[in-house]
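When you get a sec, could you build the whole thing from the sequences and use the hints?
Here is how the chains run, residue by residue.
There are 4 protein chains.
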Amino acid sequence: MTPTIFGNPHGEFMPFATVDSNNQNLASLLFSCVDQVGIIAALANYFSERDLNISRYAEYTDDGHFFSRLEWPMNDRWEDESAFEVEFASMAAHYNARFDVRFMSQQQTIGLFASKQPHALIEILNKYEANFFPNIEVSFIIGNYQPMQKIADRHGIPFFFVPTDGDTAAYERKQLDIVHRYKPDYLGLARYMKVLSENFIDTAGCPIINIHHSFLPSFVGAKPYQMAYDRGVKLIGATSHFVTAELDQGPIIEQDVARVAPGASVQDMVKMGRDIEQKVFAHALLKVLEHKAIVHKNRTIIFN
Amino acid sequence: MTPTIFGNPHGEFMPFATVDSNNQNLASLLFSCVDQVGIIAALANYFSERDLNISRYAEYTDDGHFFSRLEWPMNDRWEDESAFEVEFASMAAHYNARFDVRFMSQQQTIGLFASKQPHALIEILNKYEANFFPNIEVSFIIGNYQPMQKIADRHGIPFFFVPTDGDTAAYERKQLDIVHRYKPDYLGLARYMKVLSENFIDTAGCPIINIHHSFLPSFVGAKPYQMAYDRGVKLIGATSHFVTAELDQGPIIEQDVARVAPGASVQDMVKMGRDIEQKVFAHALLKVLEHKAIVHKNRTIIFN
Amino acid sequence: MTPTIFGNPHGEFMPFATVDSNNQNLASLLFSCVDQVGIIAALANYFSERDLNISRYAEYTDDGHFFSRLEWPMNDRWEDESAFEVEFASMAAHYNARFDVRFMSQQQTIGLFASKQPHALIEILNKYEANFFPNIEVSFIIGNYQPMQKIADRHGIPFFFVPTDGDTAAYERKQLDIVHRYKPDYLGLARYMKVLSENFIDTAGCPIINIHHSFLPSFVGAKPYQMAYDRGVKLIGATSHFVTAELDQGPIIEQDVARVAPGASVQDMVKMGRDIEQKVFAHALLKVLEHKAIVHKNRTIIFN
Amino acid sequence: MTPTIFGNPHGEFMPFATVDSNNQNLASLLFSCVDQVGIIAALANYFSERDLNISRYAEYTDDGHFFSRLEWPMNDRWEDESAFEVEFASMAAHYNARFDVRFMSQQQTIGLFASKQPHALIEILNKYEANFFPNIEVSFIIGNYQPMQKIADRHGIPFFFVPTDGDTAAYERKQLDIVHRYKPDYLGLARYMKVLSENFIDTAGCPIINIHHSFLPSFVGAKPYQMAYDRGVKLIGATSHFVTAELDQGPIIEQDVARVAPGASVQDMVKMGRDIEQKVFAHALLKVLEHKAIVHKNRTIIFN
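Chains as they are written, first to last, in the working numbering: chain B, 25 to 328; chain W, 25 to 328; chain A, 25 to 328; chain D, 25 to 328.
Don't take every hint at face value.
The calculated label-pair distances, taken between Cβ atoms and stated as ranges, are [stated by the list, open to error]: (1) 285/A x 246/B: 24 to 34 Å; (2) 180/W x 225/B: 34 to 44 Å; (3) 247/D x 66/B: 54 to 64 Å; (4) 74/B x 187/W: 49 to 59 Å.
Hints are computed from structural coordinates only; laboratory data are not their basis.
Treat the numbers as computed from the prediction; the structure is a model and nothing was measured.
Think of the CB as a built atom: it goes at the ideal place given N, C-alpha and C, for glycine as much as any other residue.
Given below as structure tokens:
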């Protein structure tokens with residue numbers, strides 16, 4: 025009756041049937057540079073010379089640039105990601121490339137922000153519990169709505185109630201204190217309804233992923249379903265994107281839409297839109313956490 | 025800090041932002057008969073003569089039959105659904121019609137069955153908590169996997185662990201005892217992985233709604249994702265249907281699909297399929313609980 | 025070998041297998057007013073008193089208004105739509121309602137505008153030939169690209185080449201001369217790439233339906249696929265709408281989207297977007313020609 | 025006014041705005057073998073040693089096999105595909121691989137079969153005319169419905185009327201005579217409603233691509249929309265697949281679905297299903313003609 029704990033190392037793990045194909049032995053490389061002759065051969069040879077067997081490879085060329093992702097079973101020659109990156113740096117420099125290495129054995133951490141609406145947060149926590157995401161830990165939840173504590177408690181995740189009624193600088197300082205204490209690899213805004221200041225974004229120290237309840241670039245801002253209703257669109261959508269200083273203008277990671285039933289009210293749209301929001305947010309986080317997203321200018325290249 | 029309780033009468037209610045347009049003052053009528061002249065006028069006059077104002081009306085003709093749904097704000101002249109039905113019966117008899125009346129003020133109850141995979145169950149419980157469904161109570165959960173107790177506990181719903189290893193008749197007797205004690209209006213099979221016997225279906229005393237992890241009628245039975253992989257389909261799907269004695273052959277309530285990524289394994293399909301399963305199941309239950317589904321032969325007529 | 029001509033009265037009819045459920049005996053009414061008690065009964069009784077049997081009925085309430093569509097087999101008591109409308113006017117006045125009557129026996133006409141890209145035009149003409157649309161005639165095509173003549177010729181439809189290089193007022197006068205000669209019930213802009221002046225819209229004498237190659241309100245104007253690429257959206261779309269004086273701001277009739285493949289160029293989007301454009305345009309025209317679209321403020325109510 | 029002819033070499037070319045990114049200088053390789061270490065490096069080096077620059081590369085592993093597609097700008101060292109293949113054969117033999125080379129400069133040919141319903145045929149011809157497909161020629165159309173001649177004539181494509189009323193062996197002999205005269209690279213069945221005999225399939229001399237009007241494996245055979253209606257599915261679909269001796273069981277290339285409106289009749293499904301059929305067929309042909317489909321067992325690996 026006592027389940028063996030694996031996958032999620034926090035105490036509240038639940039031993040449900042999961043699809044855990046997350047091989048913690050794997051490593052991956054994201055690599056991008058101006059498109060030029062011979063990159064594939066150079067990369068293939070680099071790995072072959074080090075007895076690393078590329079088990080998965082994908083590339084796109086776009087906007088005159090070359091974007092690729094490689095995956096391989098790691099051996100123990102490199103202690104950690106940094107060690108591999110140091111060695112790879114000269115190769116990358118030759119192509120004037122940007123790159124990023126991830127070892128799946130090194131757990132990533134994410135902190136979540138939430139407000140009153142719980143659906144996006146709950147979806148992430150359930151998928152977290154069911155090992156939908158690769159080797160990660162949800163380190164903390166910051167919310168401006170006290171009852172959300174209960175949802176955090178269910179999953180054994182530290183919850184910090186930071187009211188956001190007063191001065192922005194003041195409450196963001198409290199939030200940043202928590203963020204800086206945990207130093208997560210990513211922040212996820214699970215229908216957190218406050219606009220982050222430029223200072224917050226600059227000093228958080230990690231990428232921030234938001235879910236916006238419209239099909240961007242339509243309906244930027246606070247009341248997208250009302251705007252969608254007023255404009256009479258026939259499909260509503262949701263957009264998950266990296267947060268930048270300009271509201272709802274960051275690089276888009278994932279989007280989806282659903283058809284509006286004839287006669288649907290704004291309330292109906294809000295209700296039905298939640299399904300899209302929570303799904304789009306979860307799948308965007310998955311792509312980021314699986315190391316499958318490259319930002320290029322204001323766009324993302326997403327790998328399968 | 026102490027939230028006002030409304031909507032879900034069980035103790036564990038959570039005061040999150042909800043879209044509660046569920047007017048408990050409303051009543052609805054489902055009505056079907058062989059198509060004939062003058063039904064709309066007859067129905068409209070019936071309601072008008074009783075000072076009932078039809079606030080929502082929809083109809084379809086299909087297979088030579090007429091199917092309609094009416095919604096109106098109830099007054100207190102009729103004590104309950106039965107009283108209204110008794111009075112309406114002569115009208116229905118005139119058209120040789122089948123009909124069903126629902127007062128939203130009368131809470132409906134549902135019992136859920138689950139096995140090892142929690143995603144469908146969790147989705148229903150979260151949407152239940154957020155008042156996605158109209159005035160209902162989830163009365164109990166029966167599971168053949170003990171750790172599911174924890175999920176039931178989170179929501180304060182009675183959980184009954186009934187192992188299903190041995191003799192079918194024996195464990196179904198235990199399940200039926202629970203069902204007969206609670207007398208739910210509906211049973212929902214949230215990825216419950218045992219086939220119900222004909223005896224169970226006949227004696228449960230209420231409609232049973234299942235979620236099947238394929239786009240029926242393709243891939244009936246136990247391993248639909250493996251079958252989908254072997255056949256090389258480019259879309260996978262899920263189907264929610266009323267349960268009948270013939271496996272996966274009951275009237276379909278809702279279906280949806282998702283595209284298979286190139287190179288996707290069976291495991292990938294299983295993982296990605298869960299999003300469709302949980303969404304299709306929740307939306308099928310919504311239609312049934314909102315009194316918007318009529319079964320005709322082996323098909324359903326679903327109202328917006 | 026000589027086919028019987030039915031459906032399309034112009035000489036070039038092609039006797040291909042069609043789904044012609046277009047019963048030319050039918051009539052339909054679109055009716056909208058401020059929502060109030062007793063409208064359904066009033067409408068039902070109005071038709072019943074005249075021995076007209078409503079064979080199809082649908083309604084929505086939205087924005088405090090009531091919108092309904094009725095369909096019935098016409099008898100020969102009313103000579104034409106106008107006769108019916110004159111009689112119905114007092115009923116409508118009682119509810120301060122807007123309404124519109126259509127007899128399917130009275131052929132509707134449409135004129136089409138085209139530029140260089142033929143896909144939307146060809147799709148409409150093929151569906152026209154296959155009786156996808158109800159009892160209509162495509163009366164003429166106006167184009168600013170001479171080779172489009174050949175496509176018009178294939179279908180035996182008069183083509184007018186009106187170059188649009190010079191002064192807008194000058195070439196629009198030529199276009200309006202043609203429009204006023206044919207007096208079509210509708211104009212369809214099949215990827216016609218010039219902006220119509222307010223004067224043209226005001227004096228054309230009929231509703232104008234456009235297909236725009238983006239998911240409005242995103243990407244108004246001339247280069248939507250380039251804009252979609254630059255913004256990095258993950259879905260591209262198309263929108264068919266009624267034309268108003270403000271560019272791409274008219275009431276939306278139909279929209280759809282398609283997923284952007286990773287690494288897709290602007291050219292790829294243009295190529296793949298055509299499928300959505302032609303389908304959305306055809307289905308929007310179908311809704312309008314089937315008398316299933318009501319404009320309310322800047323939105324449309326579309327009936328099934 | 026006289027347009028320059030490019031793209032389609034047959035006389036009837038129409039100079040409409042097209043998206044012709046079909047670089048006839050390109051070549052592509054499809055390569056599959058049991059998955060093993062070092063294949064990417066081996067392929068990359070093979071091309072690099074011959075001064076061929078891989079401009080596009082994609083791979084999947086599936087079912088323990090490795091599938092890849094390479095694209096590169098061809099130089100004039102190899103006269104044709106065969107010359108390249110002869111040289112590449114030893115490389116392939118080393119990995120016990122199957123492979124196929126295509127030079128886009130070598131025009132591919134396709135023959136089409138049609139019956140009474142023209143929509144799939146017309147869609148292909150329009151997209152052919154607009155250079156949707158890469159460097160191909162539609163060589164001939166064989167039909168069992170005489171009026172289809174007119175559609176072939178519009179596009180200047182030879183049409184052969186072969187009635188299919190009598191003995192199958194007899195009319196298939198006539199069809200095969202035509203096929204063997206033209207020796208097309210592919211045959212496309214554009215809603216051709218006769219089942220091909222095993223002898224036809226074996227002796228046609230090229231792959232055959234069909235469009236079936238259901239979401240296979242559901243509803244094999246002659247009346248899929250009726251079957252879909254009877255089963256009460258909520259989505260209808262279409263499937264394009266390679267033809268094998270077993271009816272509707274060949275490897276699936278592409279599929280799509282559309283939602284069934286409440287109250288839709290079989291006729292409505294037939295009408296709405298055509299849009300999916302023609303789109304799925306065109307996109308499946310595109311994948312095959314762009315050299316982006318590998319058949320493995322009874323499945324296809326499709327490249328972006």
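Comparing the hints with the structure gives:
1. Range check, residue 285/A to residue 246/B: about 33 Å between beta-carbon atoms, so the 24 to 34 Å window is met.
2. Between residue 180/W and residue 225/B, the C-beta spacing of about 40 Å keeps the proposed range 34 to 44 Å intact.
3. Range check, residue 247/D to residue 66/B: Cβ separation about 57 Å, and the 54 to 64 Å hint holds.
4. Remark: the range hint 49 to 59 Å for residue 74/B to residue 187/W is upheld by a beta-carbon distance near 52 Å.
Violation of the numbered hints given earlier is absent; every hint is satisfied by the structure.
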